[in-house]
Amino acid sequence: MSTKGEAQQQDDNSPRERENLKRPVSHEEIVKVPFAEGELEKTFRIGTMKYRDIFAWGPEDMPGINISVAWDKLHVDSMYVPVKQKKRIYSDEKNQAVRNEVDLLLKAGVISELQFLEWIANVVLVKKPNGTWRMCRDFTSLHKACPKDFCPLPCLARLVDGSAGHEVFDFMDALRGYYHIKMYPEDEENIAFTIEYGLYCGR
Numbered sequence: 001m002s003t004k005g006e007a008q009q010q011d012d013n014s015p016r017e018r019e020n021l022k023r024p025v026s027h028e029e030i031v032k033v034p035f036a037e038g039e040l041e042k043t044f045r046i047g048t049m050k051y052r053d054i055f056a057w058g059p060e061d062m063p064g065i066n067i068s069v070a071w072d073k074l075h076v077d078s079m080y081v082p083v084k085q086k087k088r089i090y091s092d093e094k095n096q097a098v099r100n101e102v103d104l105l106l107k108a109g110v111i112s113e114l115q116f117l118e119w120i121a122n123v124v125l126v127k128k129p130n131g132t133w134r135m136c137r138d139f140t141s142l143h144k145a146c147p148k149d150f151c152p153l154p155c156l157a158r159l160v161d162g163s164a165g166h167e168v169f170d171f172m173d174a175l176r177g178y179y180h181i182k183m184y185p186e187d188e189e190n191i192a193f194t195i196e197y198g199l200y201c202g203r
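First residue of the sequence shown: 1, per the UniProt record's numbering; consecutive thereafter.
To be clear, the hints were calculated from the coordinates, so they are not data collected in a lab. One or more hints might be untrue.
Okay, the calculated beta carbon distance ranges per label pair [stated by the list, open to error]:
hint, residue 1, residue 2, range
1, K127, D61, 36 to 42 angstroms
2, P185, D149, 17 to 23 angstroms
3, V124, V160, 28 to 34 angstroms
4, E113, K32, 35 to 41 angstroms
5, K107, N130, 30 to 36 angstroms
Only pairs whose alpha carbons sit at most 30 angstroms apart, straight line, appear in this in silico DSSO-like list of lysine-lysine [unchecked claim]:
hint, residue 1, residue 2
6, K127, K94
7, K42, K73
8, K144, K127
9, K182, K73
10, K86, K107
11, K42, K87
Backbone N, C-alpha and C define an ideal beta-carbon position, used for all residues, glycine too.
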């Protein structure tokens, strides 16, 4: 059993007390920013404005990871016949959501319009909790032509357990993280998708 004096001595020997450390105080303007459009009640605060360029406010702020670090390369089996999925019909609401997303990605240079493609996938609309739509792509046909990747994934439970004992536990999410890793140039046309207005492929 430790006595009161021993407990006081332990407190005095803590790193914060021993080095006379103080919590950092921001002397810059604190800016409140909404997490997402339509969710104004959910905000986060940015106090270190000199690092604000690391935050992406839209697709135009996503330069992507340098290809010298990583890029996405497919290993499509040449024995498979390329599949052009039959174009799906969507409601006016979904078509408008697709059009808005495609316009954003075109403006940011993330995708480009092409013709005469071999592999063509449909888009899939998934409704978000805030009522907006997330545009995905149906690559089930392409997946069948690619070998399975058996690379083991990190154990999330172990990563979370490793954070125990720390004062701050921060979650950071990547805006449209799917587009941050660029495609190998020869595979860009393999991830093409079709909408009512044309054919597009990613970078």
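Going through the numbered hints above, which ones does this structure break? Give me the numbers in ascending order.
Structure breaks hints 1, 5, 7, 11.
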